[in-house]
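J.: Sequence:
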Amino acid sequence: MFNRYLVIALALLMGATSLTVSAQNKKRIERAADLPRFSYPVSGNLEQLVRDDIAFAKLAVTVRRDIESVLADYDIADKASERQLLGVLTQLDYLEGKYEEALKRTAQIRALQEKPADKLLFGMQMRAMVAARLSGQTAADAFRRVIAEKMAAELNAMPYAVISNDVKSSKGRVETAGETVVLGGVREVLQPTVDKTGVLGSEQVPRLIGARYGLLVQLPLKATLINVYTAYLNANKVEKKDIWAARNVDLPAGRGYAPVPVAVWDSGVDSALFRNQMLLDASGKPALIAFDKWSNPTTGELFPIPAALQSQLPKMKSRSKGLSDLRSNIDSAEASEIKQYLSNLNANEYKSAIEEISLTGNYEHGTHVAGIAMAGNPYARLAIARISFNEKLLPEPCPSREQSEKDARATQAYVDFLKKNHIRVVNMSWGGDVLSVEGALEECGIGKSRDERKALARELFDMDKNALTKAFASAPDVLFVTASGNSNQDSTFAEFIPAGIVLPNLITVGAVDLAGDEASFTSYGPTVVVHANGYQVESFIPGGDRVALSGTSMASPQVANLAAKMLAVNPKLTPDKLIAIIRDTSEKTADGRRMLLNPAKAMEMAGKKEG
52 MFNRYLVIAL
62 ALLMGATSLT
72 VSAQNKKRIE
82 RAADLPRFSY
92 PVSGNLEQLV
102 RDDIAFAKLA
112 VTVRRDIESV
122 LADYDIADKA
132 SERQLLGVLT
142 QLDYLEGKYE
152 EALKRTAQIR
162 ALQEKPADKL
172 LFGMQMRAMV
182 AARLSGQTAA
192 DAFRRVIAEK
202 MAAELNAMPY
212 AVISNDVKSS
222 KGRVETAGET
232 VVLGGVREVL
242 QPTVDKTGVL
252 GSEQVPRLIG
262 ARYGLLVQLP
272 LKATLINVYT
282 AYLNANKVEK
292 KDIWAARNVD
302 LPAGRGYAPV
312 PVAVWDSGVD
322 SALFRNQMLL
332 DASGKPALIA
342 FDKWSNPTTG
352 ELFPIPAALQ
362 SQLPKMKSRS
372 KGLSDLRSNI
382 DSAEASEIKQ
392 YLSNLNANEY
402 KSAIEEISLT
412 GNYEHGTHVA
422 GIAMAGNPYA
432 RLAIARISFN
442 EKLLPEPCPS
452 REQSEKDARA
462 TQAYVDFLKK
472 NHIRVVNMSW
482 GGDVLSVEGA
492 LEECGIGKSR
502 DERKALAREL
512 FDMDKNALTK
522 AFASAPDVLF
532 VTASGNSNQD
542 STFAEFIPAG
552 IVLPNLITVG
562 AVDLAGDEAS
572 FTSYGPTVVV
582 HANGYQVESF
592 IPGGDRVALS
602 GTSMASPQVA
612 NLAAKMLAVN
622 PKLTPDKLIA
632 IIRDTSEKTA
642 DGRRMLLNPA
652 KAMEMAGKKE
662 G
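Take any residue in the sequence shown, note its place counting from 1, add 51, and you have its number in my numbering.
By construction, these hints were calculated from the structure, which means they are not laboratory data.
A portion of the hints provided could be inaccurate.
Claimed, not checked - Derived pair list, reagent style EDC-like, types lysine to aspartate or glutamate, alpha-carbon separation capped at 16 Å: (1) Lys368 with Asp321; (2) Lys291 with Asp217; (3) Lys652 with Asp104; (4) Lys336 with Glu352; (5) Lys623 with Asp528.
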């Protein structure tokens, strides 16, 4: 095996010499929004297109041509974007029976991987499938047996500590897969878009290709993949070492430390869970500001549950726990129920099911974040800045200049609320990017052409970014803590905000796990200052239950928590000094990719630091 991959590596290295010269003639792409985009005229029923060999092949020829032209003509600064383009081609190769080509492209993508687990795991299933195809096995059982054997052999040679999180996540995704889940996005998102515009954009076409790949390749292997992952996890029941317990610092009550006003700018907080730590307004009620999805002022501490779903809330929360348990490979009743539920959805149930899961996530998110931000700090005083996220499959509201102007006014109102209440630290576990705006315009049928949508998306995005930047800058005494994003790419290249904004009172946080290993989902890039635990972090959800959730959303409040503790022992610290201490006491990993938060060292330095 070593010699085989050494040959591939040498071939790539030899090719790199000539590529270096040719790259000088390529156009450099420094932002995701500058990648060429294409439109594909489509009509009729998209599900039929996915299932129809001839119709799909006709579309695939055009998509392949366009992607290959981008790879040939452009030097893309972001490896994640290059991997995504090559990934679409790999799926097309396999669907078209070009197995050797699929294998070669898989090797290309693997060489572009940046995270340790991705470097090990990527392409494992493709290598096994191609080996099974080339083995001459035609019977379905024999074909699946070869795949299982090849995957098991690769997995067993890999370090469990590095890949375990990814294997658990992969197993959970496979277990919830079913035909309705695979085709749901085609039916409920792409089809309405085509009905409005008559075209699919190059950001949406991969979903169509992915649906065919899922239907014809992944679903038939569902049982095989589950068995392989289950056997591997059962044979390696080893708990990762917790590096955070020794670094943590809880502040004891009654020491006379300074109260620290902290805000969670999120989907809302169940204040009853923090009754003795709420920041109160003049009327004695929890300090609160809230806007709805349309940036209209509203009331209520929590993201609202419609009256028709109130009775379903316990079941919705149970399914949220089930999804969490699947990610941790916990064989619970909730995990079993959500597997059965999603795997066996009828087509007409998909939209309501996914939107209810999204709604539950919005309902729980802010409280979960608040639990992390407030932990171990009796001196923190919590204010609620409630933002309303869209839980629908399609955009609501649709982007517009009027809406962006309202959003900008709401942004400043939030920050004025923070200043009025003398907030010292605010956590923001949310964000967006320019391509998401462009995609929403397309899904809403806004714009006569792709160029028109691109220009409008840039205008609206810049309005949002400028509003955030201006608002943050207007509060120099507030430390804004934000998440890097969960798209496994350079957040600066993607223009993800707030993570991509550079200000002296803003810090961006990436996610690692219990042992400090880089989370598979975490975004990265030059604005990411520090990494904290964001993998299966347990905290409160409304009502008081505790659930483990993952995301940079869970890493960011770890830093907000630390900053508030630092201010409790040294109220004179300014945002720039807080950031400097957090950065300087963090520990760089051997691969240079992560700066691991060290609360104990930061607290020690904060106590010594002059204000």
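J.: Give a verdict on every hint.
T.: We went through each hint and held it up to the structure:
Between Lys368 and Asp321 the CA atoms are separated by roughly 15 Å; this keeps the pair inside 16 Å, and the hint holds. Under the criterion of a C-alpha separation no larger than 16 Å, the hint pairing Lys291 with Asp217 is consistent with the structure, at around 13 Å. Between Lys652 and Asp104 the CA atoms are separated by roughly 61 Å; this puts the pair beyond 16 Å, and the hint is violated. For the suggested pair Lys336 and Glu352, the alpha carbons sit about 11 Å apart, so the restraint of at most 16 Å is met.
Proximity of Lys623 to Asp528 is assessed by CA-CA distance (about 10 Å); at most 16 Å being required, the pair is judged to hold.
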